[in-house]
Amino acid sequence: MVRQEERRAKTRRQLVEAARRAVAARGFEGASLDAIAASAGLSKGAVYAHFPTKLDLYLAVVSDVLEEARRRLERAAEALAAGASPPAAAEAFLGTTRDAEHSALMLDIWITAGRERAVGELLDAFLAERSTLLGAAAIRAGQGPREALATAELVGRLIDAAALHARYRGAAAAGDSA
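Going by this note's numbering, the sequence shown opens with residue 44, and the numbers climb by one from there.
Rather than coming from a laboratory, the hints here were simulated on the basis of the structure.
Hints may contain errors.
[Said to hold, decoys possible] Cross-link-like lysine-lysine pairs, in silico, DSSO-like; alpha carbons within 30 Å at most:
no., residue 1, residue 2
1, LYS97, LYS87
2, LYS53, LYS87
3, LYS97, LYS53
Start from the sequences, fold in the hints, and give me the full structure.
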């Protein structure tokens, strides 16, 4: 039984990773289940065995991406609590490398959130958590509640703008190499 569960978890992970790549390249609308299955080295039946709908697979991708964003957010909050400026805190979120895939996925989540309620709910929860975490970090750095709220909003918007910029630069670079 344990082996079967491990195999199932491994297959699910393969599908989510393949879906991440497909969505980063083509967006939710453009990512086909056939291409995702092929990229994972699995059948389309395997996709449906783990995810009843394309949206279910996408929600797994969204959860995965937002969990990664939460880990990055911890770095930004630590920097902010240590007295870093809002741009420096945003840089802490981004890390030393610009991850074009993560940026593309975040942008697609924003776009899809307007059309798919379940995606919007996940994004709203993440954004509320982001504001709370960054606001608390700003308070630990000595800011008052109003200033901390403004700082949290500013850092969040800097992160969003950086993701949009990274996506644009990634798309432009891909166009240059085509």
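Verification of the hints:
1. Only pairs whose Cα atoms come within 30 Å are accepted, and LYS97 paired with LYS87 is accepted, the gap being roughly 11 Å.
2. Of the supplied pair hints, the one linking LYS53 and LYS87 holds, its CA atoms being roughly 16 Å apart against a limit of 30 Å.
3. For a cut-off of 30 Å, the pair hint linking LYS97 to LYS53 stands: about 19 Å separates their Cα positions.
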